[in-house]
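As they're listed, the protein sequences go chains A and B.
The numbering used here applies: residue 1 is where the first sequence begins, and numbers increase by one.
The numbering used here applies: residue 1 is where the second sequence begins, and numbers increase by one.
Hint data in this document are derived by calculation from the structure and do not stem from the laboratory.
From the three backbone atoms N, C-alpha and C, an ideal C-beta is built for every residue, glycine too.
Careful, some of the hints might be misleading.
Stated by the list, open to error - One-sided and incomplete, this derived list gives chain B residues near chain A with beta-carbon spacing under 8 Å: (1) ALA8; (2) LEU21; (3) THR25; (4) SER35; (5) THR40; (6) ALA49; (7) THR54; (8) ALA64; (9) MET75; (10) TYR77; (11) GLU79.
Unchecked claim - Below, in silico cross-link-like pairs of lysine to any residue (SDA-like), each with a Cα-Cα straight-line distance of 20 Å or less: (12) A:LYS66 / B:GLY52; (13) B:LYS76 / B:LEU43; (14) A:LYS66 / B:LEU43; (15) A:LYS66 / B:THR54; (16) B:LYS76 / A:GLY93; (17) A:LYS66 / B:GLU51; (18) A:LYS66 / B:THR20; (19) A:LYS66 / B:THR25; (20) B:LYS76 / A:ALA55; (21) A:LYS66 / A:ALA84; (22) B:LYS76 / A:SER92; (23) B:LYS76 / A:PRO79; (24) B:LYS76 / A:THR80; (25) B:LYS76 / B:LEU65; (26) A:LYS66 / B:VAL59; (27) B:LYS76 / A:LEU91; (28) B:LYS76 / A:HIS83; (29) A:LYS66 / B:LEU65; (30) A:LYS66 / A:THR77; (31) A:LYS66 / B:ASP58; (32) B:LYS76 / B:THR25; (33) A:LYS66 / B:PRO24; (34) B:LYS76 / A:ARG95; (35) A:LYS66 / B:ASP55; (36) B:LYS76 / B:VAL33; (37) B:LYS76 / A:CYS82; (38) B:LYS76 / A:ALA84; (39) B:LYS76 / A:ARG87; (40) B:LYS76 / B:THR20.
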Amino acid sequence: MELGALTSGILLGLGALLLLIGGVGINRFPHFYTRLHAAGVIDTLASALVLAGLAPVFGLTLGTFKLALVLVFLLFTSPTACHALARAAHLSGLREPPAPGEKPSSPS
Amino acid sequence: MLAAAGVAILVAMGLALFRTLLGPTVWDRILAVNSFGTKTVLLIAVIGAFEGRTDYLDVALLYALINFIGTVALMKYIETAARPSSAGDPG
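Produce the entire structure from the sequences given, and follow the hints as far as they go.
So, in structure tokens, the structure goes:
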């Protein structure tokens, strides 16, 4: 039981750290496509770590099965939503600003 | 550690809300709202573990489902509304 609590604590701590990093990244990155990257960190790795860290709390019960269900669903839908969001933004004409020193490309 | 994770989720939710209010384009707002929804799912699961009940996980699963469908629907709506219908392929 001690090992379970230790594992749970480590996974939850790492997940909480990644959540804070992603939250800062969403606010500090310069434009939309880089913010998408920060949100992707939260959506996949942080949620996987937090949900895996909750599993030792429930033990081998129905709760762990439901946690695995939520985890699998999030791992399928979050990258899909991120990809569709980037695709929709690109198709609607949002372009990233040119890097400093780079000649702005002409719209074709 | 459960309480620390819950507080971290709440802080991250606040930061996402900040981006939702601030975001220069509508895509930033959709991104932040989607991220907020994912963190809500995590928060519901953490509260369920805190109280030792598995009922909350059903709610979390349902919230994840509705969050995904809502994001995609909003995205499709904004995309077709932002694009003029018969002006050809932009860019």
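To see whether the hints hold, each was checked on the structure:
1. ALA8: holds, 3 Å
2. LEU21: This interface hint is violated because 11 Å lies over the 8 Å limit.
3. THR25: Holds, because the Cβ-Cβ distance from B:THR25 to chain A comes to roughly 6 Å (cut-off 8 Å).
4. SER35: holds, 5 Å
5. THR40: violated, 11 Å
6. ALA49: holds, 4 Å
7. THR54: holds, 4 Å
8. ALA64: holds, 5 Å
9. MET75: holds, 5 Å
10. TYR77: violated, 10 Å
11. GLU79: holds, 4 Å
12. A:LYS66 / B:GLY52: holds, 13 Å
13. B:LYS76 / B:LEU43: violated, 27 Å
14. A:LYS66 / B:LEU43: holds, 15 Å
15. A:LYS66 / B:THR54: holds, 8 Å
16. B:LYS76 / A:GLY93: Given that 20 Å is the threshold and the Cα spacing comes to 14 Å, the pair holds.
17. A:LYS66 / B:GLU51: The given pair, whose Cα atoms are some 16 Å apart, holds under the 20 Å limit.
18. A:LYS66 / B:THR20: Violated, at roughly 30 Å.
19. A:LYS66 / B:THR25: violated, 36 Å
20. B:LYS76 / A:ALA55: violated, 36 Å
21. A:LYS66 / A:ALA84: violated, 27 Å
22. B:LYS76 / A:SER92: This hinted pair holds, its Cα atoms lying about 11 Å apart.
23. B:LYS76 / A:PRO79: holds, 17 Å
24. B:LYS76 / A:THR80: holds, 14 Å
25. B:LYS76 / B:LEU65: Holds, because 17 Å separates the two Cα atoms, which is no more than 20 Å.
26. A:LYS66 / B:VAL59: holds, 11 Å
27. B:LYS76 / A:LEU91: holds, 11 Å
28. B:LYS76 / A:HIS83: holds, 13 Å
29. A:LYS66 / B:LEU65: holds, 14 Å
30. A:LYS66 / A:THR77: Judged against 20 Å, a Cα distance of about 16 Å means the pair holds.
31. A:LYS66 / B:ASP58: Roughly 7 Å separates the two Cα atoms, so the pair holds.
32. B:LYS76 / B:THR25: holds, 16 Å
33. A:LYS66 / B:PRO24: Violated. A:LYS66 to B:PRO24 sits at ~38 Å, over the 20 Å cutoff.
34. B:LYS76 / A:ARG95: holds, 18 Å
35. A:LYS66 / B:ASP55: holds, 10 Å
36. B:LYS76 / B:VAL33: holds, 15 Å
37. B:LYS76 / A:CYS82: holds, 13 Å
38. B:LYS76 / A:ALA84: holds, 9 Å
39. B:LYS76 / A:ARG87: Distance ~11 Å between B:LYS76 and A:ARG87 Cα, so the pair holds.
40. B:LYS76 / B:THR20: Satisfied, since the Cα-Cα distance of roughly 19 Å is no more than 20 Å.
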